[in-house]
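Listed below, chain by chain, are the residues.
There are 4 protein chains.
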Amino acid sequence: MSRFAGREGPIRLGMVGGGQGAMIGAVHRTAARLDGGYELVAGALSSTPQKAQASGQEIGLQSDRIYDDFTQMAERESQRSDGIEAVAIVTPNHLHLPAAQAFLKRGIHVICDKPLTGTMADATEMQAAVKESDALFILTHTYAGYPLVREAAERVARGDLGDIRLVQVEYAQDWLSQKPDPDNKQASWRTDPARSGIGGAISDIGTHAWHLLCHITGLQPEALAADLQSFVPDRQLDDNAHVMLRFAGGARGTLWCSQVAAGQENNLRIRIFGTKAGLEWAQENPNRLILSPLGEPARLITTASPATGENARRLTRVPPGHPEGYFEAFANLYCEAEIAIRAHRTGAALPEGVQFPTLADGMSGMRFVQACVQSSNANSAWVTL
Amino acid sequence: MSRFAGREGPIRLGMVGGGQGAMIGAVHRTAARLDGGYELVAGALSSTPQKAQASGQEIGLQSDRIYDDFTQMAERESQRSDGIEAVAIVTPNHLHLPAAQAFLKRGIHVICDKPLTGTMADATEMQAAVKESDALFILTHTYAGYPLVREAAERVARGDLGDIRLVQVEYAQDWLSQKPDPDNKQASWRTDPARSGIGGAISDIGTHAWHLLCHITGLQPEALAADLQSFVPDRQLDDNAHVMLRFAGGARGTLWCSQVAAGQENNLRIRIFGTKAGLEWAQENPNRLILSPLGEPARLITTASPATGENARRLTRVPPGHPEGYFEAFANLYCEAEIAIRAHRTGAALPEGVQFPTLADGMSGMRFVQACVQSSNANSAWVTL
Amino acid sequence: MSRFAGREGPIRLGMVGGGQGAMIGAVHRTAARLDGGYELVAGALSSTPQKAQASGQEIGLQSDRIYDDFTQMAERESQRSDGIEAVAIVTPNHLHLPAAQAFLKRGIHVICDKPLTGTMADATEMQAAVKESDALFILTHTYAGYPLVREAAERVARGDLGDIRLVQVEYAQDWLSQKPDPDNKQASWRTDPARSGIGGAISDIGTHAWHLLCHITGLQPEALAADLQSFVPDRQLDDNAHVMLRFAGGARGTLWCSQVAAGQENNLRIRIFGTKAGLEWAQENPNRLILSPLGEPARLITTASPATGENARRLTRVPPGHPEGYFEAFANLYCEAEIAIRAHRTGAALPEGVQFPTLADGMSGMRFVQACVQSSNANSAWVTL
Amino acid sequence: MSRFAGREGPIRLGMVGGGQGAMIGAVHRTAARLDGGYELVAGALSSTPQKAQASGQEIGLQSDRIYDDFTQMAERESQRSDGIEAVAIVTPNHLHLPAAQAFLKRGIHVICDKPLTGTMADATEMQAAVKESDALFILTHTYAGYPLVREAAERVARGDLGDIRLVQVEYAQDWLSQKPDPDNKQASWRTDPARSGIGGAISDIGTHAWHLLCHITGLQPEALAADLQSFVPDRQLDDNAHVMLRFAGGARGTLWCSQVAAGQENNLRIRIFGTKAGLEWAQENPNRLILSPLGEPARLITTASPATGENARRLTRVPPGHPEGYFEAFANLYCEAEIAIRAHRTGAALPEGVQFPTLADGMSGMRFVQACVQSSNANSAWVTL
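Residue numbers (this note's numbering), protein chains in the order written: chain R, 57 to 441; chain P, 57 to 441; chain D, 57 to 441; chain H, 57 to 441.
No lab work stands behind these hints: they were computed from the structure.
Check each hint, because a few of them may be wrong.
Incomplete in silico selection of chain P near chain R, CB under 10 angstroms [as the list claims (entries may be wrong)]:
#  : residue
1  : 66
2  : 85
3  : 90
4  : 91
5  : 96
6  : 115
7  : 231
8  : 321
9  : 323
10 : 342
11 : 361
12 : 375
13 : 380
14 : 381
All C-beta atoms in this analysis are idealised placements derived from N, C-alpha and C, irrespective of residue type, glycine included.
All chains, full assembly: derive it from the sequences and hints.
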């Protein structure tokens, strides 16, 4: 029986990272708030104590629950009877592990931004920390929260596509096309090996693409051959990657990710081709799934429409034609996590269909990044996964 | 000086309507919650007291702030020191007036769903009620909350299009294509003159299209000629309308709205043509505005991109390519209202750029509906607006 | 038995109009040539004899078959044993009638550009001339030649859409947005009542939209209410038109045509909504037909794909995904005409499925134009068709 | 001075291949006919003499110019005073070389379908044959004939994109997704190494994609790493290929071609990203080029619009919005060839801007295919080009 067994009402949430100048922290807060399932009550929002204070006040935290660092927060919150039940970790990658460890060992659930960590060594430690803890670990691969991504996964699983032959996934942006302004906090840490880890674009967005591919297709990766580049002068990490993929059973694929593709905003897109049908989904137009049965007209399956299954529809809030987007997808992860956290209180089983990316997905992503770097360093030799 | 002058923190909000089986109430709650600016603390969620109770409990209201009816709620909340500062009215149209009156006369701001009322008589009384009250009146023409709608309005205002010649606006749905299930609450009241008022589709979605047109173009309507139809047998109100429009200065346009257009989900779309350029926006793909300068390639202006002005960007939360949708647009109205409500406390001026649909827009909408009905009854004769 | 009964090989074709500075004449020549069914052997290409000579030489006609005017051409060609069997009339509207008369009365088939004539009086005479002649009369409503337009018509006819409720058709261009250069021959005659006739845009492109609507839906028009405008100063004919439509059986629709819609190139588009499904086709993307059964995902039906019927596939030349366009559609009309002309030689019946716009379509178009002008002059009063 | 120096009128054309059951031969005939520049007068349309006869009669050739084989045709035509000046070779790949040799050595220009040959050995011989002949050699990489492809190439060349970093090109079809019917002549020879050569999809459509990439970007290829697959059981040649590309100067790219991608019809698509802008074009929607300057809205450049340069506009026949497609692109190659053939008669220089794929492009394509096969056989090792 969890020590949160008697709790009622919104889940009390803390946050590590996400202070002034951050981006994804505010997204997590909005996502957590959207459906009313969480209440943000504590934060260690910056590694600079002064900034942590200012940031905490700005978002309206009580002064005694604004912490200088995550260790302090983990200690004190775990001692309060009204302490946080879950924490969102939204720091640069290198802090995912120590922050998660601090909360996991105190039984506080962790909702961690992707990628799992910056390095494989950290990932291995994270794996151990999760294993040793009773608490839940949720990894926010946002795009898995889109209803039509879930619909796609279900359709693949039930055989609508036949046997999968090919998967083409890509994630293209252009916001790092030039040497970034040093004041751009988002750009700075993502291009710094000390904070981002072994990968640049391949880690930051490549792991999203990888997760989407694995999540929808269920394919078992076998090997990859990668060619990573840094196009912007003096950049220390990759800003573009081409990857060829081989899966168990003979399926093949490619993954392209880029942060220097002029004109591409946030173009995550997947196409899957099976013996019976093709399937296509793109994040920038997320309320449409195109299913193309071989020899028949393509079908446009829309969010919330009768053509979608129960699991996809469970994750929508409005009738067809009312576009849901990035925040709703993100909030869906928080909703699924909420159900899991509530079930965890009493040890109840997770209701059928509830799902979210977890440690295993994070480990898969890290193995993917490592293999890409390794292959690219070996002149694109195939690396077994 | 408002009696809410000393207030801090989220705005305390009440709700009338939006109980079990309702749709738009939940949308209002989510929109109010999304950015953390409001706290829903009281409700008269149904005209059936038992249902009002159950609904209030379901969404977690304190039992002493779940009311049997809006009159009771208005009285008691206005007497509490922590009473609501604003109320969202999300009932069928015929209740907009009495509910609004109850709160306006007690100085509680009203956030009212559209259309303003069901009848012109009610609208006139609403106008008086708003005039007599010091409180604010906000009408939730959702689509005005989309950043690119604001961008469009700014571009028209600053002359990017030259003089406007033509406007084509349409709002097409198909969910009332057949005789609805009597248990479908949404369909029932919208097709019932006693609750919907004098218009069917023309009132329910035609007013949205009309507001969008007026909001973006700033054109002064002069006259209209309308042909309204009821395609579904035994339907008492229009489910489709064709309207030709004339504006001051010679501009012309058409408005089409339908709830029986098979395959159309929620297709609100506007095209504007001026002497210098054309402009196009569609609600189902709301993060893209197409500007077509005469003789030059069309430009795709995207949400949050550098091409957008300050006012549009102020209403976005994430970088380009992360789709925002219906809820974010709706939340933007709540954000603008929040700024106005806070300014109202001390009598401060509204910051530049803050705007939301208000009584004048509601009156314009009602005159539009009335003129359509009148024209259609007169075999589409032109009716002056 | 026709006097062309013994003929073999390509059909010998003459042309009236289409000289230097013309546009549609070259299109007809290309369309006639595309599938090898015709040989252009004679021409009266301009009303200015000198220009007629120069134009004829330019396109490689034999000098003795370059004529000063169509009367001369009709006389001499009808006397030659190798004389033309058909003539393409591609002049401004006011010459359609006299040119057609000259050939029809000599038993030479007429392939006439649209609209039928410039005025209703001319149309009535044309009707008589066709009636009195044994020769065929083909009107080139180009867009009827698109395979997916034929597919659409078949699907409507066999009931895929159920009973039609609504039709929205539009044809928008922007090339007459400004006062045209006087040297622009295309613009000059189209904006000149003496050559264009009673209508401007409504005649030039409105009749195309009207034909498309009638051809696909098969609906019987009952009445229309129109509002015609001339936006460009000093323009004598309409350059924009809004039309509301009523059909037998209760179906309704709108037609919008414009030559002053900035950013619109040649946007002819139709949407049809029935009790069972909706249908959409657009000329600028002509190889895709969208069918939306009520409550089911929309289907993308592509040119030459297995989803198309025999009649549509008969009009395509390449496998799916190889775009066919304007010339191929135009050539399809010439192909159908060729089949009819060959059948006419021996009095054989037209093979099933062969069809093309003819005098009846032209008369329908002229009645449409006249009714629009009449309605607009009567402040948009409904005019019975 | 060419022996065709005195010729006038349409160019007399012969054809090798393209008999009954063929596909691309009819396309060549239509393309040659579209603008009136050629007259097809002779043919050896099949390697089966009987079929050659029947096919020749079917398309209306004079009986004395229907030949049993291409050797006979080359001999006899070269002896006629009115003999062919050019020949279109539209056979399976293995016959390109011997057929071309027969005509080249007699000074007859060759218009040859792609790929250049089936094997590298043949390609080398073809190179010699072209070198030894005074005649022209034109390779029909159709897609180079699209006006907007030319526009793209010009814009890249003049620096609109800055330095190119990335190129993603793909050509996906699904028509070989299953074991083909043995009667399907198109499928049979393309999947037969004896007739297709060393490559399957990589040769048939991969070379198109490769040419498009090279033509538009002008990049110098350095190396490639390829993974070729045969998904359909018992297929002897590749039906899908993933290729990673490296270019001189550091640009990188990928090429994907497939004939087993369910739902893809003829999806040739290229995206190019430079330091200043991105560019996108897709064959199935060929009248639109998307240019995305970094930090600015994307521009939609349409065929025949004022935004296009002289060279692109020279290749269009109608105003904007009148879709031109596959046949017009193909005809543009024939038009360019016609200009070159006429210039060749007198030794005149080719007018500026006239261009078409030639032997060098064919050799580049063959080296590409060979390198792909070699790399794939070496487990995707990088192969220098």
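Identify every previously stated hint that the structure contradicts and give their numbers, smallest first.
-> none
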